[in-house]
Amino acid sequence: MTRRRGHRTHPGRYRRRAPGEPRAVGYLYILPALALYTAFLLYPFGQSVWLSFLHWDGLTRATPAGLDNYRDLVTDPGLRASFGHALLLLVFYSALPVAIGLLLAAVLARTRVRGMAFFRTVLFLPQVLALIVVGVAWRSILAPDGLLNDTLRAVGLGSLARPWLGDYDWALPAVGLVGTWVGTGLCMVLFLAGVQRIPRELYEAARVDGAGPVREFRTVTLPGLRPQIAVALTLTIVAGLRNFDLIYITTAGGPGNATSVPAYEVYHRAFETNQVGSAAAIGVALTVVILTLTVAVSRLVEGRRP
Amino acid sequence: MSARLDRAVTYGILTVFAAVSLTPVIGILSTALGSRDSLDTGFSVPEDGPHWSNFADAWSRGHFGTYLANSVLVAVAVVAATTVLSILAAYAFGVLRFPGSNALFHLFVIGLALPQEALVVPLYFDLRHAGLTDTYWALILPQTAQSLAFGVFWMRTYFRNGAPRAVIEAARLDGAGSWTTLWRVLVPMGRPAISTMVVITFMWTWNEFLMALVMVSDEEHRTVPLGLAFFQGQHSADTPLLAAAAVLIALPVVVVYLALQRRFIAGMLSGSVKE
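As they're listed, the protein sequences go chains A and B.
Last residue of the first sequence: 315 (my numbering), numbering continuous.
Last residue of the second sequence: 283 (my numbering), numbering continuous.
No lab work stands behind these hints: they were computed from the structure.
Check before you lean on any hint, since a few could be wrong.
Stated by the list, open to error - The following residues of chain B were derived to be distant from chain A, with all beta-carbon distances above 10 Å:
(1) Arg69
(2) His71
(3) Gly73
(4) Leu81
(5) Asp142
Said to hold, decoys possible - Going by beta-carbon spacing under 10 Å, a handful of chain B positions derived as facing chain A:
(6) Ala11
(7) Leu30
(8) Ile36
(9) Phe106
(10) Leu127
(11) Ser244
(12) Ala251
Claimed, not checked - A few chain A residues that don't get close to chain B, going by computed Cβ distances all over 10 Å:
(13) Ala74
(14) Asp81
(15) Pro86
(16) Phe92
(17) Leu105
(18) Gly167
(19) Ala170
(20) Pro172
(21) Gly175
(22) Trp179
(23) Thr228
(24) Pro232
(25) Asn266
(26) Leu309
The beta-carbon is built from N, C-alpha and C at its ideal position, and this holds for glycine as well.
Kindly generate the complete structure, drawing on both the sequences and the hints.
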């Protein structure tokens, strides 16, 4: 969508010698932004890395921890579980929305849609709501006497009704479905825009070749949507792993630690149980996971070398 | 397959998903208007008409007037600072040439993928040490820094691809320096790109929760999402009141979104880095 591969190859000839303008003036323009960005983003990140090698309770003197905090990520069952939950949640936050979006794009590739602006506005709406608001809304829907259980009872499926967010087995998928609700519209809007841009002739050619809907999807729609799929995966994965607000407001990691995720553990350890070094290590590890997955997506989906 | 069937299927699917999108929204709206005495939640329409008083009640009981004022102050400061600083930096990255510009630009782009969770812990201790926790600064400064990643990335795309070279060239030939060219020519031309950045930054700042939760412990500086979280803690049994509060908080962003949805969508979908 925002891909502009071209601009690197022709950088505008005159820029090499801007008349009457000293080149160094560029640094002055950047300075204010860079100063703020360094002080409140790059430097704290560096501090996080530093803290992750310490044992510190936030009050007394810190002691060196070596790799202890990182070893805990693998050996501590609670922490390991939180990363496991996060990866499982990605199925709900990322894979499902992308799959649903693709399904819709496949159907829509064949027709022109009127009133698209309306559908786009509605489908995208969950994206602009504060996750705290989304969480409050869904908490009441998933409550024991909330909308979901009421509906189940009304259609005679009352035996399925349960306190969704308080159930050890169901809390994680329930939170996951909230994420699916948030992310699906984004993927749909992205793919709908992309599919409109695939040349009609490709579809006509496929039909002339006798391709059915499935092969048409595999040979035309799917390759044509590669860039959009990469964007959708990147956005939903990053959002899914950063997911603190939703967990905090719906389950606070519970019941037990059935829905704890790394983003929540960072907060919990740093500000509730005084394990600052460990919290920092989780934050750094989370960053590594996000960067790895983002690079993997652009490699796998787009076939590009970074 | 006939074209008519195709179309019916298409609209059917779109309508189903639109309904799924809207159901929780409508659910919370109708809950917010429901009677606080009945235990019914969801779509039941109260017999004695909508209870608009829930909003007034939530407003006064939750101190949302104060929180709203705080949110407005923080959002305005963050948006203003991000806009000016991003325009300046992106202009240099997009139009001026100087050694190291590419590396510096990539430094900003990293911020798009860096999770807050990896910053918030040291930020808290730094700002507390500086005596800035429980002040607006603790909310404004970190959020501006984080918004700069998007702002610089977004505005550079405009300066690179949206601003016609010929115009920059003509301004130069007229003797305009880089400063004049930027503010007199490129910024007025770039209003669409700038307003996209403004609405996205506004939305992110307005909805921000973790930073506010960590940095602010006194009631005086709470922003609305934080206010809602505490409100839920106190009134979790009073569903209509809680729903009314949630609606109040979502409203400003939703109104801006309905007015400027194209800008929201364009801006948010560009958030994944393409270089």
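So, going through the hints one by one against the coordinates:
no.: 1; hint: Arg69; result: holds (16 Å)
no.: 2; hint: His71; result: holds (16 Å)
no.: 3; hint: Gly73; result: holds (18 Å)
no.: 4; hint: Leu81; result: holds (17 Å)
no.: 5; hint: Asp142; result: holds (14 Å)
no.: 6; hint: Ala11; result: holds (7 Å)
no.: 7; hint: Leu30; result: holds (6 Å)
no.: 8; hint: Ile36; result: holds (4 Å)
no.: 9; hint: Phe106; result: holds (4 Å)
no.: 10; hint: Leu127; result: holds (4 Å)
no.: 11; hint: Ser244; result: holds (9 Å)
no.: 12; hint: Ala251; result: holds (7 Å)
no.: 13; hint: Ala74; result: holds (15 Å)
no.: 14; hint: Asp81; result: holds (16 Å)
no.: 15; hint: Pro86; result: holds (21 Å)
no.: 16; hint: Phe92; result: holds (13 Å)
no.: 17; hint: Leu105; result: holds (13 Å)
no.: 18; hint: Gly167; result: holds (16 Å)
no.: 19; hint: Ala170; result: holds (14 Å)
no.: 20; hint: Pro172; result: holds (14 Å)
no.: 21; hint: Gly175; result: holds (13 Å)
no.: 22; hint: Trp179; result: holds (18 Å)
no.: 23; hint: Thr228; result: holds (18 Å)
no.: 24; hint: Pro232; result: holds (18 Å)
no.: 25; hint: Asn266; result: holds (17 Å)
no.: 26; hint: Leu309; result: holds (15 Å)
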